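Peer 1: Working from the sequences, and respecting the hints, build out all of it.
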Amino acid sequence: MGGYRRATLGALVDALLPRTPELAATLGPEHVTGGTDVGLAEYLVEAFDGYQEHHLGPLSTLLRRFGVRNYPYSLLVALLLDVVAVELLVRGDNEESVEWWSLATPFARLGRTDRLRAIELLEEGALDSLATRTEHRLPVLGTVRFLALGATTFPLLGYYSEWPGSTAVANPAWQQVGYPGPQDGFAAHRGYEVEEFDEWDWDDIDRAGPDDRREDS
Amino acid sequence: MKTEVLVVGAGADGPALAWRLAEQGVDVHILEAGPFHGNEDYPAPHRSPGARQTDSADSLSGALLDRQFTNQEDEMTSPTSGRLRWGPADRERAPWTRTMPANALVWQVAGVGGTSLVYLGNHPRAYPESVTDDPRWPLDYTDLVPYYRELESLHPVGPAPTTPKEAVFYHGCREAGYERHATLDVDSVGYRPMPNAILPPDEQLRGEYDGDYRSPDVEGSTLAGQELHGDPHPRGAPVEERAKRSSLVSLVPEALATGNVTIQPNAFVTDVLTERRGGDLVATGVEYRDTWRGERERVHADAVVLAAGAVETPRLWLNADLPEGPWVGRGLTTHWFDWVVGFFEADVIEEILGDDEIRPYVGQNGAARLDYPGLGALAVNAMPPALTAASSFSISRAGFSVDNDVPADRPWDTRGRVAGRRLKEMMAAYPRMLSVIVHTDDQPRRENGVRLDPTVTDEHGPVPVVEWEPAPEDDRKRDRLAEIAAEILHAAGAHHVHRTDQAPLLLHMHSTMALGRVTDSAAEARAVDRLFLADHSVLPNGLGGANPTHTGQALALRTADSIAERYL
Numbered sequence: 001m002g003g004y005r006r007a008t009l010g011a012l013v014d015a016l017l018p019r020t021p022e023l024a025a026t027l028g029p030e031h032v033t034g035g036t037d038v039g040l041a042e043y044l045v046e047a048f049d050g051y052q053e054h055h056l057g058p059l060s061t062l063l064r065r066f067g068v069r070n071y072p073y074s075l076l077v078a079l080l081l082d083v084v085a086v087e088l089l090v091r092g093d094n095e096e097s098v099e100w101w102s103l104a105t106p107f108a109r110l111g112r113t114d115r116l117r118a119i120e121l122l123e124e125g126a127l128d129s130l131a132t133r134t135e136h137r138l139p140v141l142g143t144v145r146f147l148a149l150g151a152t153t154f155p156l157l158g159y160y161s162e163w164p165g166s167t168a169v170a171n172p173a174w175q176q177v178g179y180p181g182p183q184d185g186f187a188a189h190r191g192y193e194v195e196e197f198d199e200w201d202w203d204d205i206d207r208a209g210p211d212d213r214r215e216d217s
Numbered sequence: 001m002k003t004e005v006l007v008v009g010a011g012a013d014g015p016a017l018a019w020r021l022a023e024q025g026v027d028v029h030i031l032e033a034g035p036f037h038g039n040e041d042y043p044a045p046h047r048s049p050g051a052r053q054t055d056s057a058d059s060l061s062g063a064l065l066d067r068q069f070t071n072q073e074d075e076m077t078s079p080t081s082g083r084l085r086w087g088p089a090d091r092e093r094a095p096w097t098r099t100m101p102a103n104a105l106v107w108q109v110a111g112v113g114g115t116s117l118v119y120l121g122n123h124p125r126a127y128p129e130s131v132t133d134d135p136r137w138p139l140d141y142t143d144l145v146p147y148y149r150e151l152e153s154l155h156p157v158g159p160a161p162t163t164p165k166e167a168v169f170y171h172g173c174r175e176a177g178y179e180r181h182a183t184l185d186v187d188s189v190g191y192r193p194m195p196n197a198i199l200p201p202d203e204q205l206r207g208e209y210d211g212d213y214r215s216p217d218v219e220g221s222t223l224a225g226q227e228l229h230g231d232p233h234p235r236g237a238p239v240e241e242r243a244k245r246s247s248l249v250s251l252v253p254e255a256l257a258t259g260n261v262t263i264q265p266n267a268f269v270t271d272v273l274t275e276r277r278g279g280d281l282v283a284t285g286v287e288y289r290d291t292w293r294g295e296r297e298r299v300h301a302d303a304v305v306l307a308a309g310a311v312e313t314p315r316l317w318l319n320a321d322l323p324e325g326p327w328v329g330r331g332l333t334t335h336w337f338d339w340v341v342g343f344f345e346a347d348v349i350e351e352i353l354g355d356d357e358i359r360p361y362v363g364q365n366g367a368a369r370l371d372y373p374g375l376g377a378l379a380v381n382a383m384p385p386a387l388t389a390a391s392s393f394s395i396s397r398a399g400f401s402v403d404n405d406v407p408a409d410r411p412w413d414t415r416g417r418v419a420g421r422r423l424k425e426m427m428a429a430y431p432r433m434l435s436v437i438v439h440t441d442d443q444p445r446r447e448n449g450v451r452l453d454p455t456v457t458d459e460h461g462p463v464p465v466v467e468w469e470p471a472p473e474d475d476r477k478r479d480r481l482a483e484i485a486a487e488i489l490h491a492a493g494a495h496h497v498h499r500t501d502q503a504p505l506l507l508h509m510h511s512t513m514a515l516g517r518v519t520d521s522a523a524e525a526r527a528v529d530r531l532f533l534a535d536h537s538v539l540p541n542g543l544g545g546a547n548p549t550h551t552g553q554a555l556a557l558r559t560a561d562s563i564a565e566r567y568l
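Respectively, the protein sequence lines represent chains X and V. FYI, my numbering numbers position 157 of the first sequence as 157, with every residue one higher than the one before it. FYI, my numbering numbers position 403 of the second sequence as 403, with every residue one higher than the one before it.
Among the hints, erroneous ones may be present.
To list a few chain X residues with every Cβ distance to chain V over 10 Å, as calculated [as the list claims (entries may be wrong)]: (1) Arg6; (2) Ala7; (3) Val98; (4) Glu99; (5) Ser102; (6) Ala188.
Derived list of chain X stretches under chain V, where covered just means 3 residues or more per stretch with a C-beta under 8 Å from a C-beta of chain V [as the list claims (entries may be wrong)]: (7) 76-88; (8) 154-164.
Facing chain V, according to a computed beta carbon distance under 10 Å, are these residues of chain X, among others [said to hold, decoys possible]: (9) Glu46; (10) Gln52; (11) Glu53; (12) Leu59; (13) Pro106; (14) Ile119; (15) Thr143; (16) Phe146; (17) Gln176; (18) Pro180; (19) Gly185; (20) Gly191; (21) Trp202.
Rather than coming from a laboratory, the hints here were simulated on the basis of the structure. Only a predicted model underlies this, so the values are computations on that prediction, with no experimental measurement involved. Note that CB positions come from ideal geometry on N, CA and C, so glycine has one too.
Peer 2: In structure tokens, the structure reads:
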């Protein structure tokens with residue numbers, strides 16, 4: 001199960017933050033590393049599985065006894081990505097050829113751009129039609145939408161944070177963006193565009209007593 | 001337990017009210033759902049409970065704050081496990097649940113200081129016309145001015161300094177023909193430094209400086225660019241001398257120093273206690289749950305103040321079965337943010353700055369603005385790379401830019417989400433990137449707000465559903481502001497402009513329990529005597545697009561005076 005999740009989430013990481021050997025020539029060799037090189041799928045597993053506790057009454061009490069406190073959303077996200085990948089293929093909306101012979105999961109078989117299209121199906125088309133049919137399930141759909149938003153946002157939050165640096169000597173993502181990491185300060189003071197603010201001439205303002213305006217109470 | 005005034009929430013506004021009352025000799029007890037950082041009574045706030053409550057400014061510890069506020073983006077502000085998140089202090093546990101039925105993100109922070117721990121220190125006054133000319137306000141702008149002044153000298157608030165990114169923004173504003181303002185009271189279009197509650201930077205930082213940027217070598221802002229991640233600078237200083245004046249470093253120490261305030265962190269209020277006196281419903285106290293021990297206890301008081309924020313205050317009201325009304329929980333305004341990002345060539349930047357990079361991580365995160373009464377505001381909004389990537393290139397309602405054709409008459413070159421090689425190329429240009437945030441003057445509407453989720457309950461009761469969708473008029477204003485931002489970036493010399501077309505990112509949240517609609521003009525609930533509201537939920541509108549903390553705190557001070565006058 002862990003292998004399945006990591007394979008599908010790895011394909012997500014690869015679509016958003018791919019390894020880019022072609023950038024070596026234009027931007028430099030430090031721009032080749034991608035999200036899969038730093039194991040970013042692991043970050044996603046932690047982020048999704050740390051997102052929400054279950055509150056299912058006695059069932060939750062039982063699950064906690066086995067150390068299961070949260071919803072296993074990383075698995076749900078992987079499953080949802082595969083469902084929408086199949087949906088994309090059924091609709092014939094994929095623009096890149098699919099590796100039918102591959103043993104990879106449906107989402108991982110899609111080309112990178114088609115994987116992005118599949119994510120959008122998750123957020124929009126597929127869910128909107130479901131939402132109109134099942135009004136009372138909206139909160140659950142809200143969670144799915146949040147997970148879809150998380151699927152595009154968490155990889156960026158993880159990749160460009162300190163996280164990739166924790167498994168390597170230097171942080172490859174920070175090298176790519178020219179960020180020195182958090183510093184205690186910078187000698188970058190260039191003075192003031194305005195030295196001091198002024199205010200309007202508020203003649204006769206005393207502290208207005210709160211009960212001067214009781215007309216509405 | 002019994003106290004004179006019980007305050008629910010030690011966020012940006014509750015401590016202002018507590019300080020004001022305590023100064024007058026009133027006993028105030030604050031219950032805060034999250035942890036207390038920088039305090040010796042809570043040496044490991046995310047691993048163990050610490051003291052039950054604290055009442056002395058002597059326990060505040062700069063050394064602890066330095067250890068806890070590391071400035072690492074994931075460690076501090078990860079929405080799931082960050083130290084500054086909406087969830088229990090115990091980091092073994094997940095955040096507290098809220099339901100979002102739309103593609104949207106809500107950002108709250110539990111802990112002493114609340115969202116002021118991650119705010120940028122921005123303290124503009126409301127636009128006068130947004131108060132005086134909007135009949136939804138039961139007050140006049142002049143009612144707020146004395147309280148604004150008081151906060152401006154207390155924190156203090158002053159013009160933000162110029163660093164490279166502000167210099168480029170001002171250059172663009174001038175080239176685009178905008179006037180410069182130097183006023184706190186804005187009634188026309190113009191640009192100015194952000195009025196910030198951040199101590200001025202040390203003058204040594206104007207030139208060559210080879211010190212350690214720590215106290216006592218420097219005083220005031222160190223231009224470290226970490227406001228969003230807690231910003232403990234200058235390190236080594238006592239808590240109350242830290243430059244960014246979050247309520248943790250400004251109002252809380254002042255309040256504790258009176259000797260009349262106790263703060264109890266890790267206490268989540270789940271019920272408001274009431275009784276009938278004559279025909280009137282009267283608040284008499286609250287019930288809370290200790291988030292570490294799980295015990296429930298009650299506190300009784302002469303007056304109860306809800307200052308839990310624009311989401312939790314209405315949630316608590318509804319979970320306490322207080323009388324519902326047409327505007328309870330409704331009318332949420334959020335400033336309908338957007339991001340517009342300019343990319344510059346080295347020679348263009350060299351000409352403006354005499355240096356070929358902007359380095360957006362340098363300087364204060366939000367230090368320059370363009371006010372546009374009637375539409376809202378623009379502000380330079382520069383962040384470290386993870387939040388830059390997420391906010392500018394991911395949290396969008398426009399889809400991936402691979403499928404977004406931008407018509408030639410639009411002032412931006414790309415729009416929406418960016419992924420793959422293009423994302424890495426854009427982020428590689430980070431050192432020469434300037435991000436401008438759009439604050440839209442969105443209007444309160446009943447469809448938007450907070451209600452209880454009928455299907456999800458956590459240990460504190462049914463969780464809130466947070467709903468916010470823009471009206472066509474809100475979209476129109478935002479589109480116009482995004483165009484203006486793009487024009488300014490082009491005027492500054494940007495060779496490429498990207499518009500995020502952001503999905504709702506709810507950081508500024510107000511108007512869900514509005515003054516005049518749910519309370520009287522003194523912020524006392526119309527339906528419940530001795531129950532006052534003192535957080536951004538009482539702001540009747542979005543202040544024209546001005547950041548909310550200054551007005552929220554001003555109203556909290558005014559509400560403190562009302563409580564003293566009416567009941568003490």
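Peer 1: Each hint: holds or not?
Peer 2: Verification of the hints:
1. Distance to chain V confirms Arg6/X as a non-interface residue, since its nearest Cβ pair spans about 18 Å, more than 10 Å.
2. Every C-beta of chain V lies more than 10 Å from that of Ala7/X, the closest at about 19 Å, which supports listing it as non-interface.
3. Residue placement check: Val98/X keeps its beta carbon more than 10 Å from all beta carbons of chain V (closest about 18 Å).
4. Even its closest Cβ contact with chain V, about 18 Å, leaves Glu99/X beyond 10 Å, as expected for a residue assigned away from the interface.
5. The beta carbon of Ser102/X sits about 20 Å from the closest Cβ of chain V, which is more than 10 Å, so the claim that it is off the interface holds.
6. Against chain V, the non-interface label of Ala188/X is violated: not every CB pair exceeds 10 Å, the least being about 5 Å.
7. With a cut-off of 8 Å between beta carbons, the stretch 76-88 of chain X has 0 residues touching chain V; three or more are needed, and the interface restraint is violated.
8. Against chain V, the stretch 154-164 of chain X contributes 8 residues with a C-beta closer than 8 Å to a partner C-beta. That satisfies the three-residue criterion, and the hint holds.
9. For Glu46/X, the interface hint holds, since its Cβ comes within 10 Å of a Cβ in chain V; the closest pair sits about 7 Å apart.
10. The restraint placing Gln52/X at the interface with chain V holds, with a minimum CB-CB distance near 5 Å, inside the 10 Å limit.
11. Interface hint status for Glu53/X: upheld, as the beta-carbon distance to the closest one in chain V is roughly 5 Å, under 10 Å.
12. Taking 10 Å as the C-beta cut-off, the interface hint given for Leu59/X is violated, the closest approach to chain V being about 13 Å.
13. For Pro106/X, the interface hint is violated, since its Cβ never comes within 10 Å of a Cβ in chain V; the closest pair sits about 19 Å apart.
14. For the restraint placing Ile119/X at the interface with chain V, the shortest Cβ-Cβ distance is roughly 8 Å, inside the 10 Å limit, so the hint holds.
15. Evaluation of the Thr143/X hint against chain V yields a held restraint, the C-beta minimum of about 7 Å falling below 10 Å.
16. At its closest, the beta carbon of Phe146/X sits 6 Å from a beta carbon of chain V; the interface hint therefore holds under the 10 Å criterion.
17. About 6 Å separates the beta-carbon of Gln176/X from the nearest beta-carbon of chain V, less than 10 Å, and the hint is met.
18. At a threshold of 10 Å, the smallest CB-CB gap from Pro180/X to chain V is about 8 Å, leaving the interface hint in force.
19. For Gly185/X, the shortest C-beta to C-beta distance to chain V is roughly 3 Å, which falls under 10 Å, so the interface hint holds.
20. Taking 10 Å as the C-beta cut-off, the interface hint given for Gly191/X holds, the closest approach to chain V being about 6 Å.
21. The closest approach between the C-beta of Trp202/X and any C-beta of chain V is roughly 5 Å, which is under the 10 Å cut-off, so the hint is satisfied.
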